[in-house]
Amino acid sequence: AQSVTQLGSHVSVSEGALVLLRCNYSSSVPPYLFWYVQYPNQGLQLLLKYTSAATLVKGINGFEAEFKKSETSFHLTKPSAHMSDAAEYFCAVSDFTGGFKTIFGAGTRLFVKA
Amino acid sequence: NAGVTQTPKFQVLKTGQSMTLQCAQDMNHNSMYWYRQDPGMGLRLIYYSASEGTTDKGEVPNGYNVSRLNKREFSLRLESAAPSQTSVYFCASRPGTGDNQPQHFGDGTRLSIL
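Residue numbers (the numbering used here), protein chains in the order written: chain A, 1 to 114; chain B, 1 to 114.
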């Protein structure tokens, strides 16, 4: 069965610092992996997705994530945090065994300090 | 470019009342989904519709019913609301179930049951 674990329900960084949000997944077959961002009072928006092409995936707003099969990880990074990055971030996994239903992690709230 | 539209945005109900949450998408997507979002639990799938005319249970279907009215519209009904159903409800759509495309989300319905 698929599952997603996001390490840390809250992460706080200073403006200009590196952002690292951790995600580990479990899937019995090659997965498709996604990162979504949610701003207050809004729905989820896609940041980036991994679909078995390049292992380093670049997304919007300067974010990127690296798929590491050996570590079953898909961590999200951004070199320099901006105040506008403050939001909640969700990692998600889907594969064909689940009919491509998507399983979401519990979310990580990112705080950015001035 | 409306995308996924949910109505209403906010609602307060008393225990035992019934209510239907509406969702419509204008992207000609085949698959539609209803999730609930609770703090620390990510998004949990309530029901989904792979295509017009079909619906299936997700992870947490008890206390809910759905109707896929046509290709555009997918409604969620609470027949007898309970305080445990206080949550934020999101509708999402995707081109199909047999693909790895990300989901598109509405802005949510914030439902409080007293």
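Think of the hints as simulated: they come from the structure by calculation, not from any bench.
C-beta atoms are modelled at their ideal positions from N, C-alpha and C, and glycine is treated no differently.
Some hints here could point you the wrong way.
In silico BS3-like cross-links for lysine-lysine, where the CA-CA straight-line distance does not exceed 25 Å [said to hold, decoys possible]:
1) B:K71 <-> A:K101
2) A:K113 <-> A:K68
3) B:K57 <-> B:K9
4) A:K113 <-> A:K69
5) A:K101 <-> B:K14
Distance windows between CB atoms, simulated [what the hints assert, rightly or not]:
6) A:K68 <-> B:E59: 40 to 50 Å
7) B:P39 <-> A:G62: 35 to 45 Å
8) B:A82 <-> A:A53: 38 to 48 Å
9) B:S84 <-> A:H10: 20 to 30 Å
10) A:Q45 <-> B:M41: 14 to 24 Å
11) A:R109 <-> B:A82: 24 to 34 Å
12) B:A82 <-> A:T77: 40 to 50 Å
13) B:K71 <-> A:T77: 36 to 46 Å
| task | If any of the earlier hints don't hold here, list their numbers in rising order. | result | Structure breaks hints 2, 4, 5, 6, 7.
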